[in-house]
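Trainee: Going down the list, the protein sequences come from chains A and B.
Under the working numbering, the first residue of the first sequence is numbered 380, with each subsequent residue one higher.
Under the working numbering, the first residue of the second sequence is numbered 81, with each subsequent residue one higher.
Just so you know, these hints were derived from the structure itself, not from any lab.
Please note that the accuracy of each hint is not assured.
Partner residues aside, some chain A positions facing chain B, computed with beta carbon under 10 Å [said to hold, decoys possible]:
| no. | residue |
| --- | --- |
| 1 | R401 |
| 2 | L419 |
| 3 | N422 |
| 4 | Q501 |
| 5 | L510 |
| 6 | L517 |
| 7 | T525 |
| 8 | V626 |
| 9 | Q628 |
| 10 | G629 |
| 11 | S729 |
| 12 | M747 |
| 13 | V748 |
| 14 | S758 |
| 15 | F760 |
Where is the CB? At the ideal position from N, CA and C, for every residue including glycine.
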Amino acid sequence: MENHAPRLHSSVPFWRDVRVLRIFGQVIFLILLIVFIGYLLSNMLGALQRQGLALGFSFLRQTSGFDIGEHLISFDRSSTYLRAFQVGLLNTALVSFLGIVLATILGVIFGIARLSRNILIQSLARAYIELLRNVPLLVLLILWYTGIFLKFPRINQAIRLPGPVLLTNRGIAVPWGLPTETYSSYLFILGIGLFLALLVAYWLYQYGRRTGRTPLIWGWGLGVFLVVALVGWFVLPGPALLLDAPVVQGLRIAGGRQLTPEFMALLSGLAIYTSAFIADVVRAGIQSVSKGQVEAARAIGLNNFQVLRLVVFPQALRVIIPPLTSHYLNLAKNSSLAVAIGYPDLFSVSGTILNQSGRAVEVIALVMVIYLFISLLTSLFMNWYNRRIRFVER
Amino acid sequence: MTQTTIAGTDNVLPPPTERYTVLGWVYKNLFNPWYNTILTFLAVGLIYAVGRPTIIWAFEQARWEVVAVNMRLLMVGQYPLGQIWRIWFSLYLLAAIIGLSWGVWIQRKQFWGVLFLAIPVGLAFLPAMSGSTARVHLIALAVVAFTGYVLGRLRGKRLQRTVIYLWILYSPLLILIVSGLTRPDSWFPIVPSNLWGGLLLTFLLTVVGILFSFPLGVLLALGRRSRLPIIRWVSIGYIELVRGVPLITILFMAQIMLPLFLPAGMTVDRVLRAMVGIILFTAAYQAENIRGGLQAIPPGQYDAAHALGLSGLQTTMFIIMPQALRNVIPVLVGQFIALYKDTSLVAIVGLLDLLGIAKSVVSQPQFIGLQREAYLFVTAIYWLFSYLMAYLSQRLEVALGVGER
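Chain A extracted, bound-state conformation:
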């Protein structure tokens, strides 16, 4: 008698076994992919060889031989390519950071204005948003740069705004602080202020945890810091900073801080463009909090400010943060459009390096890796923040 008990393993031949086929299919896919990439790479290496170029990053230590208009760290013709990359990266970081701050402020203002009960304010905000959202950033930047910042009068006929701020076609001059000998001790006092503020914030946080109350942690922290800063300013023998106002001297501007039209156009263009998107995000976030929440908060006796701070904002923030992150990232990536108006950001400097050294593959790879790194860093931070504030299910 033969045993006809059902076998645990099916008798499907291996070429029809789904599990085998899956692995087999993936292996084939991987081989095809590797062959394809290898083919492209071999073509590239062949082409480079015909041009007499070898891959490698040793060129980064060579002398660059070009000038960069704006640099936060020292740079001249004899600096290396690597140094040029660093200058570009810092410029990108500067414009992205300031752009994000400005765009957030403008975006929140217009997002709230969009919800105003005043019909005029509401339509103005709406027009602002609709106008900017539907225009390419590049066109806006070029229009902004050539149509406004380069159309300011010459230096000897500079437009004078209170401040004094001078508007000229060579840039915008703003008053700036000149550090005196007490500057370093003032910085020390500011450090103490920051420490005290953090201490107070930490104590208030613990107090809130213990008692269930909700003290204004940020407000108190900021207040402590400002008080220390103010007291320090007057305690020191002399002022830590002297106001240095820009003045027109013949054909140039002396004193103050001069911001180039490229920088101003890029910064304001990026900030304004992104603020329209942020405004929409903020509006959607606030609208996503249901009316019942507000009514319930009022019913338990919270005042208007408390309703906003304790009920509306925390819930709106959960909706706002994820899209806000992507708009921040977009702003950082969009800063590469600086190349169109000649601000030396990372991408624009890389273009110069590419032309100068002829190292297309390495330069493009380097730029992409740096941008990837920035993106990953930002999204890691925002994901962490998002996790912190997200809704805790009980």
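Once you've looked at the hints, dock chain B against the given chain A.
Mentor: The following block gives chain B in isolation, referenced to the frame of chain A:
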């Protein structure tokens, strides 16, 4: 939706004094709490301060002839004069399809429809158009669109399917009409893509980008949700890599590195390189959007399809994808609008799209210093079509009842 109607909080009518008098309305909307009065005056001041000089500039100081003289360049670039009838022909087709769609779906919004018709007619009567054949063509366009609208209204629902097919067919047809088929000396010659330019090139880049990035995006989205680890990781790697870098680096790479990747002797023209860059870039974003739609499908749908005996491919094609895509139509259209705006970046790598042409126009000696006029015109065109697309997508959303099921 229904709950608010029942609860009626939004539908409570205001007291008659506010409902029926202008003054009541003004008081309620402009001066109600005291701070709104301040805001109102601030806003009026702002509008006056910005609006007055702008209007004075636009009507008295601006020299719009830079746009008028270069109109053909801005619209079609170097496209051969003898072949421009093809562009008009594809525009007639487009006008007819838009008119039909309007008649079929958006019947109520008469005002916007009239405004839409008014665009070509208004353009036709611009002083810049006098004496050109463009004026006749523009008016004819409006007539064609209106005929389409009437037809759409009369036949209504029965035309819906046809119109959708027309839209799908239109894009490949457009590319065929513009690029041509036969040898240079015959009636339908091939126009090489380095002669495409201006708004035409912008549109073609957009259309090609939409057509090819979409299927690639679907594949990537499916790949990212696949159970097969290698395929999943390759998809994730591609999507995150592309989304982490700016479009301009990808366009640069396409311009500089693509020729290196190809075997020796094989060349690709610059427009095609830009198209490849745009497609590869948009596909990664579309993949993420489509993945969002896929994630919203409840697992029961897969189980049910499986229980019916559908294969994996059938489940994806007939059960999952239609629902997933329907959920994300607004996002997809938003991405296409972004794509349309992003095509302006090809001007940086030296192509003569609408922005590229404008850049070269203002660098001509006789138009030096007229950047405002030229770029404002370009801005207006970008804005117009982008806004129109956004508006139509909103209508489409309502018509399809997205988010209401």
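Trainee: Would you settle whether the hint for L419 (chain A) is holds or violated, based on the nearest Cβ-Cβ distance to chain B being less than 10 Å?
Mentor: This hint holds: L419 (chain A) lies near chain B, its Cβ roughly 4 Å from the closest one there, short of 10 Å.
Trainee: Should the hint that T525 (chain A) touches chain B count as held when the rule is a Cβ pair under 10 Å?
Mentor: holds, 4 Å
Trainee: Would you settle whether the hint for G629 (chain A) is holds or violated, based on the nearest Cβ-Cβ distance to chain B being less than 10 Å?
Mentor: Where the cut-off is 10 Å and the nearest Cβ of chain B is about 25 Å from G629 (chain A), the hint is violated.
Trainee: Using Cβ atoms only, decide whether Q501 (chain A) comes closer than 10 Å to chain B, and label the hint accordingly.
Mentor: This hint holds: Q501 (chain A) lies near chain B, its Cβ roughly 9 Å from the closest one there, short of 10 Å.
Trainee: Holds or violated: the hint that V748 (chain A) contacts chain B, with Cβ atoms closer than 10 Å.
Mentor: This hint holds: V748 (chain A) lies near chain B, its Cβ roughly 9 Å from the closest one there, short of 10 Å.
Trainee: Go through the hint on S729 (chain A) and say holds or violated, using the shortest Cβ distance to chain B against 10 Å.
Mentor: holds, 9 Å
Trainee: Does the nearest C-beta of chain B fall within a distance shorter than 10 Å of the C-beta of S758 (chain A)?
Mentor: holds, 9 Å
Trainee: Against chain B, run the beta carbon of L517 (chain A) and see if the smallest gap drops under 10 Å.
Mentor: holds, 5 Å
Trainee: Please check whether N422 (chain A) passes as an interface residue: C-beta within 10 Å of a C-beta belonging to chain B.
Mentor: holds, 5 Å
Trainee: Using Cβ atoms only, decide whether F760 (chain A) comes closer than 10 Å to chain B, and label the hint accordingly.
Mentor: violated, 15 Å
Trainee: Going by Cβ atoms only, is V626 (chain A) closer than 10 Å to chain B?
Mentor: violated, 27 Å
Trainee: Under 10 Å, Cβ to Cβ, is where M747 (chain A) needs to be relative to chain B, so tell me if that hint holds or is violated.
Mentor: Nearest chain B Cβ about 5 Å off; hint holds.
Checked against the numbered hints above, the structure breaks hints 8, 9, 10, 15 and satisfies the rest.
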